[in-house]
Amino acid sequence: MSSPRRPSLRELLAAVAPQKLDEATRDPRRIAEVLHDGDGSEAPLLVRVFSAIGTWIGAAMIAMIFAAMEIYEVVPVALTLAIGLFAGAVLLSRRPQRSLAMTQLVWAMALGAHGLVAGAFSELDVSAATMALTWVLLNVATMFLVQVPSFALASAVCVVGFSTWLVAELDLPYYSLWVTLPFAAVATVAWIYETPIAARLGRSWSALAYGLPIGVVGPMTLVSVNTGDGDSLIAPGPAAPIATAAMLALIGWVLLRARSEQSEALESRAYALGVMAVLAVLAARHVPGLSLALLWLLLAHLRRSPELQTIAGIQLAGFLFFFYYQLETTLLLKSLWVVSTGAVLLLGAWLGRARSKKDGESEGATRRSRWLPALALVLLSVGLVAGATWQKERVLATGKTVLLPLAPVDPRSLMQGDYMSLRYALEQEIRAGTEAVPTDMDMGMDLFFSVELPDIPRHGHLVIRLDADGVGHYARLDDGSALAADELRLEYRLRQDWGGFLRIGGESFFFEEGTADLYEGARYGELVVADDGEAVLVGLRDEQREILGRRMH
15 MSSPRRPSLR ELLAAVAPQK LDEATRDPRR IAEVLHDGDG SEAPLLVRVF SAIGTWIGAA
75 MIAMIFAAME IYEVVPVALT LAIGLFAGAV LLSRRPQRSL AMTQLVWAMA LGAHGLVAGA
135 FSELDVSAAT MALTWVLLNV ATMFLVQVPS FALASAVCVV GFSTWLVAEL DLPYYSLWVT
195 LPFAAVATVA WIYETPIAAR LGRSWSALAY GLPIGVVGPM TLVSVNTGDG DSLIAPGPAA
255 PIATAAMLAL IGWVLLRARS EQSEALESRA YALGVMAVLA VLAARHVPGL SLALLWLLLA
315 HLRRSPELQT IAGIQLAGFL FFFYYQLETT LLLKSLWVVS TGAVLLLGAW LGRARSKKDG
375 ESEGATRRSR WLPALALVLL SVGLVAGATW QKERVLATGK TVLLPLAPVD PRSLMQGDYM
435 SLRYALEQEI RAGTEAVPTD MDMGMDLFFS VELPDIPRHG HLVIRLDADG VGHYARLDDG
495 SALAADELRL EYRLRQDWGG FLRIGGESFF FEEGTADLYE GARYGELVVA DDGEAVLVGL
555 RDEQREILGR RMH
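In this note's numbering, the protein residues as written are 15 to 567.
Check each hint, because a few of them may be wrong.
Cut-off 20 Å, straight-line C-alpha distance, at most; resulting in silico cross-link-like pairs (SDA-like, lysine to any residue) [said to hold, decoys possible]:
{"hint": "1", "residue 1": "K406", "residue 2": "L497"}
{"hint": "2", "residue 1": "K406", "residue 2": "D546"}
{"hint": "3", "residue 1": "K406", "residue 2": "V396"}
{"hint": "4", "residue 1": "K414", "residue 2": "T324"}
{"hint": "5", "residue 1": "K406", "residue 2": "V416"}
{"hint": "6", "residue 1": "K414", "residue 2": "L480"}
{"hint": "7", "residue 1": "K414", "residue 2": "R559"}
{"hint": "8", "residue 1": "K406", "residue 2": "E505"}
{"hint": "9", "residue 1": "K414", "residue 2": "E548"}
{"hint": "10", "residue 1": "K414", "residue 2": "I328"}
{"hint": "11", "residue 1": "K414", "residue 2": "L532"}
{"hint": "12", "residue 1": "K414", "residue 2": "A489"}
{"hint": "13", "residue 1": "K406", "residue 2": "D545"}
{"hint": "14", "residue 1": "K414", "residue 2": "A544"}
{"hint": "15", "residue 1": "K414", "residue 2": "H487"}
{"hint": "16", "residue 1": "K406", "residue 2": "L436"}
{"hint": "17", "residue 1": "K414", "residue 2": "Q323"}
{"hint": "18", "residue 1": "K414", "residue 2": "F335"}
{"hint": "19", "residue 1": "K414", "residue 2": "D481"}
{"hint": "20", "residue 1": "K414", "residue 2": "E560"}
{"hint": "21", "residue 1": "K414", "residue 2": "W404"}
{"hint": "22", "residue 1": "K406", "residue 2": "F525"}
{"hint": "23", "residue 1": "K414", "residue 2": "R517"}
{"hint": "24", "residue 1": "K414", "residue 2": "A496"}
{"hint": "25", "residue 1": "K406", "residue 2": "H475"}
{"hint": "26", "residue 1": "K414", "residue 2": "D492"}
{"hint": "27", "residue 1": "K406", "residue 2": "S395"}
{"hint": "28", "residue 1": "K406", "residue 2": "R503"}
{"hint": "29", "residue 1": "K414", "residue 2": "V477"}
The hints are simulated quantities; they were obtained by calculation from the structure and are not laboratory data.
Make a model of the complete structure from these sequences and hints.
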């Protein structure tokens, strides 16, 4: 019996043609899209990365040639070349089978055209308002003519950005920008419902439906945390009712669409109405950025869009960051917003799960097998907290009070509230080999980062010497020798960042919200040090070594 014939190289190469793959797979459309996709979004990540790198290296070299020749200074040549590049980008973007490299080339050509137009107009000394209007028109043209969804999306976002510039140059009230939100809402609704006008415009309408609301996301996020008065860039002014009404209408429309599309997952209309009510409350003037972020997450789920999900995640993170650092709002209110956001996300995830009777039966058995690990985790957490508390109480009961000179800065902890981050003068004394104590709080942090700490062990003990006022200064590294009557052993750990950061157990002083002024005059950290060198920060003192505010313990 003869062995099976091995395929020839020609036959193997023929097998990777899209037509052959179409015949050999159960899902030929997906395979063909991988090889010749309009955006290349289904191709492997490394293929996309290297294709983009190669294309943009070539584009950068061409741009360098243009810059060296100073083509933009010859306005007719620059504009002619820009028109040619833009026309080429439009034609290439309309090819039915566009490779990954071709897609990147479309990006490079279109951006090159934009740059040449901007350079030519700068040579003509046009006004800033004319330049802003030019950028708006360029991006509008790009959005509708260049058939690359990602580039059209970016252009839609840029339209909002350059419109902001135009409004500023024309001295118009900034709240006029909020009229874009109703248009964005209409575009999104038309896209979701696939109305005839959206179908005619195809991918261009998708760019509008995504890009315009995303362009509004930035101002919406900032207005969520703005408390200042006046006509600033983020002040909605008289347009606030229009913007809020448009957002509420859009939220309601998307939720109703979600209900109709996923009736199995959203088992009861009451659930959808509950989510809608929560989002409507969040859409108040103070937190519109949060509402938009949650709305984009829902849209991403409906359209199975990882890109939109990423945008929504960035928007949500940006809102939480800016909102938390808006110091005029109480931490209690911020905590409620964060908790409610988490609750909405969990509710949405639960509602988004398609549930069946079989799934419910298997889930009941699974849930019973999960409670033991959860209980063990709770007990472990309680044990760790109790152990840390006992250790601190031991130090406080047996230790000795020491004052250490410090230089604070004032950050805010995302999870813990207002606090003062402390850096001790011991670090500088170790660096300089001197006991000089820098107590000028206006000297900045450069002193503490200018010289790296000496080559000392990452973990060990320092010996500090107390003066007559109980202020501790660096004496030496502990070598195990006996201590003098005025000396104490202090445990430390060295973090290898910012040139070395000495941790002794008291680097953060937490205080009640709204009481920061009480601690502005802090010059010393008050610590209790046990015989084994472990230290606990208990309070802050001023230049006269008087206690400031409340002590921590």
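Each hint tested on the structure:
For the given pair, K406 sits about 24 Å from L497 by alpha-carbon distance, which is inconsistent with the 20 Å threshold. A hinted pair counts as satisfied when its Cα atoms are at most 20 Å apart, and K406 with D546 qualifies at roughly 13 Å. In summary, the hint linking K406 to V396 is supported, as the alpha carbons are separated by about 16 Å, within the 20 Å threshold. The straight-line distance between the Cα atoms of K414 and T324 is roughly 52 Å, outside the 20 Å bound, and the hint therefore fails.
Pair hint K406 plus V416 holds up; C-alpha atoms about 16 Å apart against a cutoff of 20 Å. About 11 Å separates the Cα atoms of K414 and L480, which keeps this hinted pair within 20 Å; it holds. Among the hinted pairs, K414 with R559 is consistent with the structure: their alpha-carbon atoms are about 16 Å apart, no more than 20 Å. Proposed proximity of K406 and E505 is supported: the alpha carbons are some 14 Å apart, at most 20 Å.
Distance hint between K414 and E548 is fulfilled; the C-alpha atoms sit about 11 Å from each other, no more than 20 Å. In summary, the hint linking K414 to I328 is not supported, as the alpha carbons are separated by about 48 Å, beyond the 20 Å threshold. About 25 Å separates the Cα atoms of K414 and L532, which puts this hinted pair outside 20 Å; it is violated. Of the supplied pair hints, the one linking K414 and A489 holds, its CA atoms being roughly 18 Å apart against a limit of 20 Å.
Restraint check for K406 and D545: the C-alpha separation of about 13 Å stays at or below 20 Å, so the hint holds. This hinted pair checks out: K414 and A544 have alpha carbons roughly 6 Å apart, not beyond 20 Å. For the hint linking K414 to H487, the alpha-carbon distance of about 15 Å falls within 20 Å, and the restraint holds. Distance restraint check for K406 and L436: the Cα-Cα separation of roughly 19 Å lies within the 20 Å cut-off, and the hinted pair is therefore satisfied.
Between K414 and Q323 the alpha-carbon distance is near 54 Å, which puts this suggested pair outside the 20 Å criterion. Taking the CA atoms of K414 and F335, the gap is near 40 Å; set against the 20 Å cutoff, the hint is violated. Between the alpha carbons of K414 and D481 the distance comes to roughly 14 Å, so the proposed pair stays at or under 20 Å and holds. With a C-alpha separation of about 17 Å, the suggested pairing of K414 with E560 holds against the 20 Å cut-off.
Of the supplied pair hints, the one linking K414 and W404 holds, its CA atoms being roughly 17 Å apart against a limit of 20 Å. This hinted pair checks out: K406 and F525 have alpha carbons roughly 18 Å apart, not beyond 20 Å. For the suggested pair K414 and R517, the alpha carbons sit about 19 Å apart, so the restraint of at most 20 Å is met. At roughly 18 Å between alpha-carbon atoms, K414 and A496 fall within 20 Å of each other, so this suggested pair holds.
For the given pair, K406 sits about 18 Å from H475 by alpha-carbon distance, which is consistent with the 20 Å threshold. For the hint linking K414 to D492, the alpha-carbon distance of about 18 Å falls within 20 Å, and the restraint holds. A hinted pair counts as satisfied when its Cα atoms are at most 20 Å apart, and K406 with S395 qualifies at roughly 17 Å. Under the criterion of a C-alpha separation no larger than 20 Å, the hint pairing K406 with R503 is consistent with the structure, at around 17 Å.
The suggested pairing of K414 with V477 holds, with an alpha-carbon distance near 14 Å, which does not exceed 20 Å.
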